[in-house]
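**Student:** Sequence:
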Amino acid sequence: MSVRRSVLPSGLRIVTEEVPSVRSAAIGIWVNVGSRDETPAVAGASHFLEHLLFKGTKRRNALEISSSIESVGGEMNAFTSKEYTCFYARVIDTDLPMAIDVVSDLITSSVVTALDVDAERKVVLEEIAMRDDDPSDLVHDLYAETYYGDTPLGRPILGTIDSINNMWVQVGMTLQGLGVGEKFGHQIDLNDEGDVLVVGIPFRGPSLKGAVQVFRRDSTNNWVQQGSTLDRGLGYIQFGNTVSMNSEGNMFVAGSWGSANAYKAYVYKWNNTTLNWSQFGPIINPAASWREWCYDVEMDSSGYIIAVSSIFDEEARVYQYNSGSNTWGLIPSNISGRVSGDDFGGCLDLSGDGQRLIVGAPTDGLHFIEGGNVAVFSDYCSNMTKFSLSDCDSVILPNGMSVKTSGFHYDTLVNVRGCDSILRYSLLIKQPSSAIQYDTSCVSFTSNSGVLYTQSGVFQEHFTNQVGCDSTLYLHINIPYLDTSIYLNAPYLVSAAQNVTYQWYDCNAQAVILGETNVNFLPSNNGSYAVIIEKDGCSDTSNCFNLVNFGQIELTENVIVYPNPVSETIRIQYEGEIQTELVNSIGQKVLSTNKKEFDVFHLQRGLYTVVLVTGNGSVHVRKLVIK
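Sequential numbering of the sequence shown, starting at 3, is according to our numbering.
Keep in mind the hints are simulated off the structure, nothing from the lab. Hints are not guaranteed to be accurate.
[To be verified] Label pairs and their calculated CB-CB ranges:
#1 E536 / N618: 20 to 28 Å
#2 L332 / S392: 29 to 37 Å
#3 Y440 / S111: 37 to 45 Å
For every residue, glycine included, the Cβ atom is placed at its ideal position computed from N, Cα and C.
With these hints in hand, go ahead and build the complete structure from the sequences.
**Tutor:** Structure follows, in structure tokens:
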């Protein structure tokens, strides 16, 4: 046994131990982070993360991680201590490269999703509850708490119920700007689901033209840019100085700010056809006298109501989109602060329906310097009416438009007060469904709905699915056709069925005839015979065939076959023409001749049937042994 310590150029320390007498191999990765590195707010984070790393990587899901090791009879696990966290696997020596790859993948390329965090949070909380119910485990944590007190070494490795429940976990990677001083993230906003993010970058590009980027969280829980980077061309305009997004994440407003000709707001909407952002409606541009416009902008949940502010003029304005005229209409009148010099409009926020506006005035010169005030305003002209519509496949809106996707749809009408009124339709498009079912049955098949089918084919049955839409079941039914007819092709009885299995049956003896499993059957005497056929698990029996006058002519006609047994030459003694056939033990015809003397030395040894047909059509059957 030998132990070796190696240090890679990266500083990674590797300790290896070889035991020549065993074939098992183990790989472990120790990470120098444990519970002693945690603050009270994130107590248990190391152990929590240990769980999460097993939920999947960029190359493997959770099932593939575990099955990779278990499929070769190995073991994989991890543990967290106060000083470090370890991930390990044990396998047979020939599977060690695979184990190293899996454990390394776990450490370096894990993907943690919000769903994984929520699911594993419950597992960790259950683990804490199990610890509290086990005195042998609980006593160790109580000892550490008593000895070390409220320190990282005194706190439990699992954390507490409060720390686990209140723990925030970063979603995806940290987004970075491209250059120094561009103020990437100067303004940001999320949609309601938290999976679409708009970022303002007011000082990016030449002449500080500014830019806006939108990112969407993908299936790997990382942020991927959606569409192209948006800017408004050269000029000191600081595009992206302020941004705001609607609830769905398919619309946003961005303000430019920084020069007299740049105080404008731009609304963008996602285009599912071009897969890019398109300007929605005209530029929102106030009168030239309104200065320092777009100091702040806000968008309601629909994206059809926009609030903007000017701290120089100390006013706020609200605009509503009119789909009929494709314009942004000002909802009168302007909203002003109480006194000059209070920086009214320094910040804004809109309620989801756009009917409440909150405005901050951080200076408030009326009372004392930098005192500040906040005011809430209500709009009694515009309003939003909400509807919920649901149907299968598509929904027809009151305006006649057909919509095939679920989500929110907005329309604008003029209400009884002569103001724009927004109609918000919450649409649930339920989908029809279909399924395919394959069935094989004998004679007939009865479906679950009670329909009787007597022949093969593809059939449709219609139902209502769980969401109330049409559901079509495609039945592929196979009912094998079994032809049970038999006929005489002297001297054989022949089954008319093809591509089936055969078993001939003696109707008189009421027993199968052993060894007779071919399509044809050579009877040895008169009688009543049938055949049992089987295909695809189905079987049927033919009617009994009555065979008479078989071999009876030999009582009146003298036909002699000799010698028997025979080794070389057979002789037939008969006055007149005669046809002779030899049939082997498996029913194969091996010889046919009209000669009365012929050689058989070339045939294999065994028992044969001699079928002799005379000129008048009489049939004679003999058993013959070739030695």
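**Student:** It remains to establish, for every hint, whether it holds in the given structure.
**Tutor:** Hint by hint, here is what the structure shows:
At about 39 Å, the CB distance of E536 to N618 disagrees with the hint of 20 to 28 Å. At about 35 Å, the CB distance of L332 to S392 agrees with the hint of 29 to 37 Å. In this structure the hint that Y440 and S111 lie 37 to 45 Å apart at CB holds, the actual value being about 41 Å.
When held up to the earlier numbered hints, the structure conflicts with hint 1 and nothing else.
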